[in-house]
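K.L.:
Letter by letter, the chains look like this.
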Amino acid sequence: MIRIEPTSQASQYQQLAKQHGTPMLLLDCDVLTQQFNSLSEALPGAELFYAIKALPHPAAIQTLDELGANFDIATSGEIELLCAQKARPRKTIHTHPIKRDKDIRDALRFGCTTFVVDNIYEIEKFVDYRHRVGLLIRVSFPNPNTPIDLSRKFGCREDEVCLLINKAQSMGIHVKGLSFHAGSQCPDSHNHVHAIRQCKHLIEEVQQQTGKLLSILDIGGGFPVQYDKPVMDIESFCAPIRAELYKLPEHIQVYAEPGRYLSAPAMTSISSVMGKAKRGDTTWYYLDDGVYGSYSGQLFDHAIYPLTLFSDITQTECAVLAGPTCDSIDVIAENIEIPPLNIGDILIGHQMGAYTSATSTEFNLFDKARIVAINVIEKTVSKIVPLNKNDQLL
Amino acid sequence: MKTYTETLYDSYGQEFSVDKVYFENKTDHQHLIIFENAKFGRVMALDGIIQTTEADEFIYHEMLTHVPLFAHGNVKRVLIIGGGDGGMLREACKHASIEHITQVEIDDQVVEMCKEFLPKHSAGAYDDPRVNIVIDDGANFVCSCTEKFDVIISDSTDPIGPGDVLFTSDFYENCKNCLAEDGILVTQNGVAFMQLDEVTTTAKRLKPYFNDQSFYCAAVPTYIGGVMTFAWSTNNKTYRTLNDNVIKQRFNAADITCRYYNPAIHAASFALPQYIINALESDS
Numbered sequence: 282m283i284r285i286e287p288t289s290q291a292s293q294y295q296q297l298a299k300q301h302g303t304p305m306l307l308l309d310c311d312v313l314t315q316q317f318n319s320l321s322e323a324l325p326g327a328e329l330f331y332a333i334k335a336l337p338h339p340a341a342i343q344t345l346d347e348l349g350a351n352f353d354i355a356t357s358g359e360i361e362l363l364c365a366q367k368a369r370p371r372k373t374i375h376t377h378p379i380k381r382d383k384d385i386r387d388a389l390r391f392g393c394t395t396f397v398v399d400n401i402y403e404i405e406k407f408v409d410y411r412h413r414v415g416l417l418i419r420v421s422f423p424n425p426n427t428p429i430d431l432s433r434k435f436g437c438r439e440d441e442v443c444l445l446i447n448k449a450q451s452m453g454i455h456v457k458g459l460s461f462h463a464g465s466q467c468p469d470s471h472n473h474v475h476a477i478r479q480c481k482h483l484i485e486e487v488q489q490q491t492g493k494l495l496s497i498l499d500i501g502g503g504f505p506v507q508y509d510k511p512v513m514d515i516e517s518f519c520a521p522i523r524a525e526l527y528k529l530p531e532h533i534q535v536y537a538e539p540g541r542y543l544s545a546p547a548m549t550s551i552s553s554v555m556g557k558a559k560r561g562d563t564t565w566y567y568l569d570d571g572v573y574g575s576y577s578g579q580l581f582d583h584a585i586y587p588l589t590l591f592s593d594i595t596q597t598e599c600a601v602l603a604g605p606t607c608d609s610i611d612v613i614a615e616n617i618e619i620p621p622l623n624i625g626d627i628l629i630g631h632q633m634g635a636y637t638s639a640t641s642t643e644f645n646l647f648d649k650a651r652i653v654a655i656n657v658i659e660k661t662v663s664k665i666v667p668l669n670k671n672d673q674l675l
Numbered sequence: 023m024k025t026y027t028e029t030l031y032d033s034y035g036q037e038f039s040v041d042k043v044y045f046e047n048k049t050d051h052q053h054l055i056i057f058e059n060a061k062f063g064r065v066m067a068l069d070g071i072i073q074t075t076e077a078d079e080f081i082y083h084e085m086l087t088h089v090p091l092f093a094h095g096n097v098k099r100v101l102i103i104g105g106g107d108g109g110m111l112r113e114a115c116k117h118a119s120i121e122h123i124t125q126v127e128i129d130d131q132v133v134e135m136c137k138e139f140l141p142k143h144s145a146g147a148y149d150d151p152r153v154n155i156v157i158d159d160g161a162n163f164v165c166s167c168t169e170k171f172d173v174i175i176s177d178s179t180d181p182i183g184p185g186d187v188l189f190t191s192d193f194y195e196n197c198k199n200c201l202a203e204d205g206i207l208v209t210q211n212g213v214a215f216m217q218l219d220e221v222t223t224t225a226k227r228l229k230p231y232f233n234d235q236s237f238y239c240a241a242v243p244t245y246i247g248g249v250m251t252f253a254w255s256t257n258n259k260t261y262r263t264l265n266d267n268v269i270k271q272r273f274n275a276a277d278i279t280c281r282y283y284n285p286a287i288h289a290a291s292f293a294l295p296q297y298i299i300n301a302l303e304s305d306s
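Residue numbers (our numbering), protein chains in the order written: chain A, 282 to 675; chain B, 23 to 306.
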């Protein structure tokens, strides 16, 4: 989806490109704030854990931390990022179902005590830490109709839940709830509703069969954002989820792990044409960002980002927008009809906050696009008078 | 008001109001903070776990020093592993009969920082001429050490983190090799009600090297969850069952002022709650 706008509309982007150079990504934390607030309103009572893998950037962490978000972490690297941003460790869950001993120890040392598991080998890893942790069992439900199926690689079967909880209990390990992932970028909330319903039965079954009182249901992510096709607005998407959550026993605390929904709309890519060539009837434009860079989500994340070009010419011609690397797979868009572009012209990619720079590479040793953050919510600085110059304060 | 929440356990914990932060530092995978709390004075926490507070540190430090020192009765040389805050050193230095104290601390910055921000812990003990400070990994030190000590005190952090090597069989064996005949090894061993495994695991690891292995305990308010245990290991079985008058005599002769320790506490601290005895018996 490519929109052509008059060149008069380009000035703010041109200014940014001039100031910071291209390729760049503009991270607007006001948008993060709006997204966080919309989802909070659509899922009242749920605790939101930002899946920082989508966009592990300090400004995003800082802004969301100040908004009162919690964090979903999966690796020691992500822990270090939270640590550097002084995020509160009580508000984190470690959601990688497969962990090395060091990963567990790093998380505990950070202060994260909630971990997700989905099999007996993983539960056994917590024997030494059983007095310190609370586990969530990840259950797998089919993810039909989602571009990204998250039910295959991780998650136990429904009929394994009681068995796993029994085994954990016999080892003295506390299981405190269930989690699931309904897919990513879900077109509707049918998967969520089905999974919540099944989890309700499971929670009841667990209590009957094992006597164990579960208190947390983590409904994962999957909240959609608009790329090339329209999606449901978040309120309509969440209404059936809310209705289903309402049926849960009152003591159940609901967690959600939004990643894409919070970060995708918050970042915009600015790249520029670094060369062009006429090949047959088609003009090839070579941009300084591509699928090995910020557009990596087109390969890994099945995303097609809405693009904007600026031109005052009305005639169009057949063109290809290619990335800068030597690989022929590095194409952003082809068979498109656009007005002729000049070397130095800029291309805008929208909705490029989630799984873009996070999965970009430095293939050919091209630098990754620089992220420029604006409207970051400043850390509430504590008013502490330093004792002396050597003090390092909060 | 700011608060500090301990993250030692998932389902239970303690929270402190923070009146003022004196120091905060994240070094090489460690997060360290020292702050002021109205009830406990200066509080130091490492990786989300309370390490020491000005208000209740005396219980911990008096019990890890005076119990082995008076039980032994003729201590000339002491080795302290860890204990960078200087509290252990302060208590050991109260014994005029001690001729030499070696303290092994892994990080010299911890010592300097504690001198500056927790000055009441060491109370000048680092300037005592009998004290030798070695900057080294404690496990490494006892592995290569050829000296002998009458008492070794392991003042470690929790087993998760940098202190984990101070809970291994290797460490205990090397400590035994650094002990003089009839020497005593005491180690911080966690709050048994919360982490009973620490007691049974430590017992299992220490027993092969010592004729007499047991625990004694004391309740330290900010090590939450009940009594803290200290592991007791020696080849001299009589130390634990000395006549009350012997301890009294030694204590009076030493002319030391304490706030928790006294001869009656000394004797009583070796009495273990039944749940600890049961755990030790069922595990052996």
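Errors might be hidden in some of the hints.
Below, in silico cross-link-like pairs of lysine-lysine (DSSO-like), each with a Cα-Cα straight-line distance of 27 Å or less [to be verified]:
(1) B:Lys-226 <-> A:Lys-448
(2) A:Lys-383 <-> A:Lys-299
(3) A:Lys-510 <-> A:Lys-457
(4) A:Lys-383 <-> A:Lys-367
(5) B:Lys-137 <-> A:Lys-367
(6) B:Lys-98 <-> B:Lys-142
(7) A:Lys-406 <-> B:Lys-142
(8) A:Lys-367 <-> B:Lys-42
(9) A:Lys-367 <-> B:Lys-24
No wet-lab data here; the hints were simulated from the structure.
K.L.:
All the hints need checking, so say for each whether the structure fits it.
P.N.:
Evaluated hints:
1. B:Lys-226 <-> A:Lys-448: holds (25 Å)
2. A:Lys-383 <-> A:Lys-299: Violated, because 45 Å separates the two Cα atoms, which is more than 27 Å.
3. A:Lys-510 <-> A:Lys-457: violated (39 Å)
4. A:Lys-383 <-> A:Lys-367: holds (21 Å)
5. B:Lys-137 <-> A:Lys-367: holds (26 Å)
6. B:Lys-98 <-> B:Lys-142: At roughly 25 Å apart (the allowed maximum being 27 Å), Lys-142 (chain B) and Lys-98 (chain B) satisfy the hint.
7. A:Lys-406 <-> B:Lys-142: violated (41 Å)
8. A:Lys-367 <-> B:Lys-42: Given that 27 Å is the threshold and the Cα spacing comes to 17 Å, the pair holds.
9. A:Lys-367 <-> B:Lys-24: holds (13 Å)
Checked against the numbered hints given earlier, the structure breaks hints 2, 3 and 7 and satisfies all the rest.
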